[in-house]
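J.: Protein chains in written order, with the working numbering: chain A, 137 to 481; chain B, 137 to 481; chain C, 137 to 481; chain D, 137 to 481.
Hints listed in this document are in silico derivations from the structure and should not be mistaken for laboratory results. Heads up, some of the hints might be wrong.
The list makes no distinction among identical chains, and a pair is therefore deemed to hold if it is satisfied within one copy or across any two copies.
Calculated cross-link-like contacts (lysine to aspartate or glutamate; reagent style DMTMM-like; alpha-carbon spacing at most 25 Å) [as the list claims (entries may be wrong)]: (1) LYS389 to GLU166; (2) LYS389 to GLU470; (3) LYS433 to GLU395; (4) LYS475 to GLU180; (5) LYS433 to ASP306; (6) LYS475 to GLU166; (7) LYS202 to GLU248; (8) LYS433 to GLU180; (9) LYS303 to GLU220; (10) LYS405 to GLU180; (11) LYS202 to GLU180; (12) LYS358 to GLU258; (13) LYS224 to ASP306; (14) LYS439 to GLU245; (15) LYS433 to GLU258; (16) LYS439 to GLU166; (17) LYS224 to GLU469.
What follows is each chain in one-letter form.
There are 4 protein chains.
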Amino acid sequence: MIKAGIMGATGYAGEQLAWFLYNHPMAEVEFYNSHNYAGVPYNEVYNNFYSFIEDICVDMETAISKLSNIDVLFIALPHGKAFEITEKALALGVKVIDLGADFRLNSKEVYEAWYGVNHEGEHLLENAVYGLTELNREAIKHCSLLANPGCYPTATILALTPLLKNKLIDVNSIIVDAKSGVSGAGRSASIRSLFTECNESIKAYGVAGHRHTPEIEQELSKAADENLVISFTPHLVPMNRGILSTCYGSLKKAVTTEELLELYRDFYKDNFFVKIINGLPETRWVRGSNLCHIGIKVDTRTKRVVVLSAIDNLIKGAAGQAVQNMNVMFGLEETTGLKLIAMAP
Amino acid sequence: MIKAGIMGATGYAGEQLAWFLYNHPMAEVEFYNSHNYAGVPYNEVYNNFYSFIEDICVDMETAISKLSNIDVLFIALPHGKAFEITEKALALGVKVIDLGADFRLNSKEVYEAWYGVNHEGEHLLENAVYGLTELNREAIKHCSLLANPGCYPTATILALTPLLKNKLIDVNSIIVDAKSGVSGAGRSASIRSLFTECNESIKAYGVAGHRHTPEIEQELSKAADENLVISFTPHLVPMNRGILSTCYGSLKKAVTTEELLELYRDFYKDNFFVKIINGLPETRWVRGSNLCHIGIKVDTRTKRVVVLSAIDNLIKGAAGQAVQNMNVMFGLEETTGLKLIAMAP
Amino acid sequence: MIKAGIMGATGYAGEQLAWFLYNHPMAEVEFYNSHNYAGVPYNEVYNNFYSFIEDICVDMETAISKLSNIDVLFIALPHGKAFEITEKALALGVKVIDLGADFRLNSKEVYEAWYGVNHEGEHLLENAVYGLTELNREAIKHCSLLANPGCYPTATILALTPLLKNKLIDVNSIIVDAKSGVSGAGRSASIRSLFTECNESIKAYGVAGHRHTPEIEQELSKAADENLVISFTPHLVPMNRGILSTCYGSLKKAVTTEELLELYRDFYKDNFFVKIINGLPETRWVRGSNLCHIGIKVDTRTKRVVVLSAIDNLIKGAAGQAVQNMNVMFGLEETTGLKLIAMAP
Amino acid sequence: MIKAGIMGATGYAGEQLAWFLYNHPMAEVEFYNSHNYAGVPYNEVYNNFYSFIEDICVDMETAISKLSNIDVLFIALPHGKAFEITEKALALGVKVIDLGADFRLNSKEVYEAWYGVNHEGEHLLENAVYGLTELNREAIKHCSLLANPGCYPTATILALTPLLKNKLIDVNSIIVDAKSGVSGAGRSASIRSLFTECNESIKAYGVAGHRHTPEIEQELSKAADENLVISFTPHLVPMNRGILSTCYGSLKKAVTTEELLELYRDFYKDNFFVKIINGLPETRWVRGSNLCHIGIKVDTRTKRVVVLSAIDNLIKGAAGQAVQNMNVMFGLEETTGLKLIAMAP
């Protein structure tokens, strides 16, 4: 059995990790860390685990003392909080899967410019592997420090990579208009995330300045083999879960929707979790699963292509992909514990 | 492998049956019947099954022709539609699990009075077993025709049976004020179930006349060992899933909340799916699971007890309990394929 | 013009006061007080007022300094916070309408037992008038200190008073099962009011202990002319606005639904805002209005009556009724500025 | 008093017309037409009007017979249904305000290509005036046949016109990613609009083929003074009301956000209903009002501008603008009966 620790287990991504690992046939959780709920039974924070998980949440100090008992450490902490514990874990031979942003960007400078905090782990960056499993599987197999992708980047990079790898769109024409459920805002008390402030409304936020922008650009630039910038606009939708990423690009040559569907199906043919569908994706068809649904439509009038991808932001966009990466890092079947079909309605 | 057929597979209960059976290690689906979608790929109706289920929905005639290939027939049709196919299936030695109301009431007369249609299977009633698994397990083990309970009855009967069995409340004092998500209204086109008609509102319906009333009364009368009538008021809540049943009864003697919690825990101690919690249940903590959470509060001022139970109406209130019953009927471990923890948030 | 001040203008009840008073033909707001947003433009807190209200929120000290400029002070502060400013305002001849609980209960002891804070204004209680306008209009006309009713009490007392005044139900048989939208929880940062914690779920809270219980009992006891206790269970529903109160009582004699409808219509015949409807109320039909819809159903099987009432908790349950009371206190037409029809869908 | 008739009064746009006209000081409704509810009291369809509107819905024939009694006919029928009654009304000197699509497009051919039905009123097109009030006020004053804009076009054209009039963006760079509440789908029984099918999900629809595309292009081409095509992608959001239109364009020269804010404020300075806000619009701040909130952000990295506009799709996007146009057509103050501030929360 793989022994795991979860840092930040009482946030939503942490809770989803607990959910997946509880039923994972090859892994078990050694400790559930929580800053705000240290000393509280985990199932009092999340009553869905009542009678299933009997552990008490532990503080950072206790978590650190247990690092030598585990094989893998999942970190679901706010950005800037992963550096120290990552270093300690790696030193003990513990593999680290960070669900935050601290090791996603290859450049310390870019990180500091967008996140506004010092990067205290620059020396770790060169060995950190960006964990978009479908696109980086080989490197993931051998890594010790995995940077689990952001939710918007996961949906967006999966949607656009085949186009860029095949030089089908103008790299500077990309506009990504994305929509997320409210769980993306996390589980901290704030007025702007109240039911009454989110329900019956939609808004954009972080226009031209959201922190997932450089992450998407970094990975798309690799796919395109040239540097590119994108317009990225996230929106908040009154639902708990789900991301829909609507991606626009200008086609460099005439191509049909059917040709692109075939190209995408071929590109992702060995990837269980990416499904190229015939129509348009809806987040409800992936909610509760680790799947990414992708739909494509060529607009001959404007010579643009619209690629839409849907994921569950807490699963393929966070905890599910983290477990998928754990499976790869430990040589397990990639889909172990993750073969859930979306729960509808 | 148990071979199963699903009648009415494109309704919500049918879809949940497909969902559970797809992952069930000891069962597989032989056909998916649908009146409205015969000839249509099942995964076009429910895109969550894209690339998982490739079957085409079949009509009633085709379903009948396949009865001899299956071991169990799940029926998720509107009331009044189960009689003929049940008879045919039983004649072929196929076990039948009816998720509708046609075999729940022991009395043809009561059925006809509340449902307004003729009962065309009176001769089948004496062998039909009411499938509230926790309360009727022995009979279920040996039955061929199982009447799967309604959603409100499941939540309510589980909540009140320990009180009645122990003669703790006045049998004629019971008031059940229940609340359900909109999936309880089914998947048929109707204006009153439109998003815009349900969202941002709550209403009662069927006050003093809902069809689940005689079903609840029948089973609670058995528990009380005397005939009783209840006030039952269902409400429609703007959410997809979940039932909360708030049950009131007048205590015949002084008893504390703690004593009742202990009594309930003892009563349900060998039942995996019923959890007596310490606080108050919320439907989100059981959504996506086959669990029933029960909370209890004695009001010393009014000498009443309030028992609250929460289930997922499509799972413990429909498809999950149906699979639970299948497991019992076929001698499998009762929890097979059903050990899901609620998906939160 | 009536000059008004609003204490606690950035809470939801305060915002609704601002909304009504902005368009009120005979009143205008002199200051908007806010503890957390003092110094901030009011329309930055509530963007719906952008370009309409240009005032800056003022702190308590400033508000006090402006008391001599106003005719009426609306107080929408947490309980326990109204005593001092009420005293100051009354001393200056300013009429006070308190939307909180501080002057609703006639007994200092009952207040302290249920609210857990000292009552620092006992001497004011004897002149405080309970402002359920329809039932107390004469007293309201002449009062200087008005205790605006709670949201649940408004819906419930309007629903049950005709039955009690006419001695039609057993006074100790009353069960009130009420459901509220999330705005009832107010606008303060708390995890339990997050979108993701409220959406797709229903729960009861404060079972057998909610603070509106003694308020309802006090007023219903007056109607019944004898002391009574009730079972009161509030529930939280995933919607912004609305209260539905489902009230049960045991009939002392046989009476038909039609007879009760007639009795209620007669009882409320001179009250614009109370509508006795033919079917069952839904909160959406009163949302955005100061109306109370009441529906009635006699259950001959159980000899109980079910009375259901629906209001907008922020309007008839708070700010709308406060303005209605202001109109009465200042001799205006009672419906001035309040003749809104519910906004649907 | 202006006497009005409403065709299609039981759809959502029709209901909103009834809502506005009920309180309009200078207009009154002579008849409420409904195909499905002819003979039914209007307030049984919409209980919010209980005790306010006592009219019975009338069928088409009756409506036609009453044309000579009215001054203005509002038509809120499905596309293709307005031709005959419009002709009849105009012949009687009745002004017509059509909320549907039948007279919005200047070209019969474009209409038939996008709507798939014959245009039976081509001779009326030359006198039809496109009723985006802010941009076409002079023509509206003198017209008899007004084509009320679509919901998406209203939000989008208001957002982009100042940029195009000032030649600030590349006309062929425009991408409009819009999001609408479910009321945009109308009030007809369909599975895809059920609560359970829309809630907790977001999807795009009509990608590269939505019928509002040519309407937007027609009006933006006029603003730009050259023909242009756009990419337009509408999305369905789980809320009742609201449209957010996120519009992207490539800047032809460097310009700051502040400069654009000033330019927009100047452009709309005499228009009560258009508000250029400082931050980003949210649909909740305009819900229930006839306002359009516009926010602007220049992205210097990509040299694009993002303009976001929010409206209530049923008000500024339908009935509110129709009443605004009626006011202009009849020489009333444009804001008569429309000075509502958004209802929040």
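J.: Each hint should be assessed against the structure and marked as holding or not.
T.: Each hint tested on the structure:
With identical chains, the CA atoms of LYS389 and GLU166 are never at most 25 Å apart, being 54 Å at best within one copy and 46 Å at best between copies. Taking the closest pair of Cα atoms, LYS389 and GLU470 never come within 25 Å of each other, the shortest separation being 36 Å inside a single copy and 50 Å across copies. Taking the shortest Cα distances, LYS433 and GLU395 sit within 25 Å of each other inside one copy (11 Å), while across copies they are farther apart (36 Å). With identical chains, the CA atoms of LYS475 and GLU180 are at most 25 Å apart between copies only, with a shortest distance of 20 Å across copies and 28 Å within one.
Both within a single protomer and between protomers do LYS433 and ASP306 lie at most 25 Å apart by alpha-carbon distance, with minima of 17 Å and 23 Å respectively. Proximity of LYS475 and GLU166 under a CA criterion of 25 Å is satisfied in both settings, with 23 Å inside one chain copy and 21 Å between copies. In the homo-oligomer, the alpha carbons of LYS202 and GLU248 never lie at most 25 Å apart, since the shortest distance is 31 Å inside one protomer and 48 Å across protomers. Taking the shortest alpha-carbon separations for LYS433 and GLU180, only the inter-copy value of 18 Å comes in at or below 25 Å, while the best intra-copy value is 46 Å.
Proximity of LYS303 to GLU220 under the C-alpha cut-off of 25 Å is found in neither arrangement, the shortest distances being 41 Å within a copy and 53 Å between copies. Within a single copy, LYS405 and GLU180 get their C-alpha atoms only as close as 43 Å, which misses the 25 Å cut-off; across copies the closest is 21 Å, which meets it. When the C-alpha separation of LYS202 and GLU180 is checked against a cutoff of 25 Å, the pair qualifies only within one copy, where the shortest distance is 22 Å, while the shortest distance between copies is 48 Å. Only within a single protomer do LYS358 and GLU258 lie at most 25 Å apart by alpha-carbon distance; the minimum there is 21 Å, versus 54 Å between protomers.
Neither within a single protomer nor between protomers do LYS224 and ASP306 lie at most 25 Å apart by alpha-carbon distance, with minima of 44 Å and 53 Å respectively. For the identical chains of this complex, LYS439 and GLU245 are inter-copy neighbours only, at 23 Å across copies versus 37 Å inside a copy, given an alpha-carbon limit of 25 Å. In the homo-oligomer, the alpha carbons of LYS433 and GLU258 never lie at most 25 Å apart, since the shortest distance is 41 Å inside one protomer and 33 Å across protomers. Proximity of LYS439 to GLU166 under the C-alpha cut-off of 25 Å is found in neither arrangement, the shortest distances being 54 Å within a copy and 46 Å between copies.
With identical chains, the CA atoms of LYS224 and GLU469 are never at most 25 Å apart, being 28 Å at best within one copy and 44 Å at best between copies.
In this structure, the hints that do not hold are numbers 1, 2, 7, 9, 13, 15, 16, 17, in rising order.
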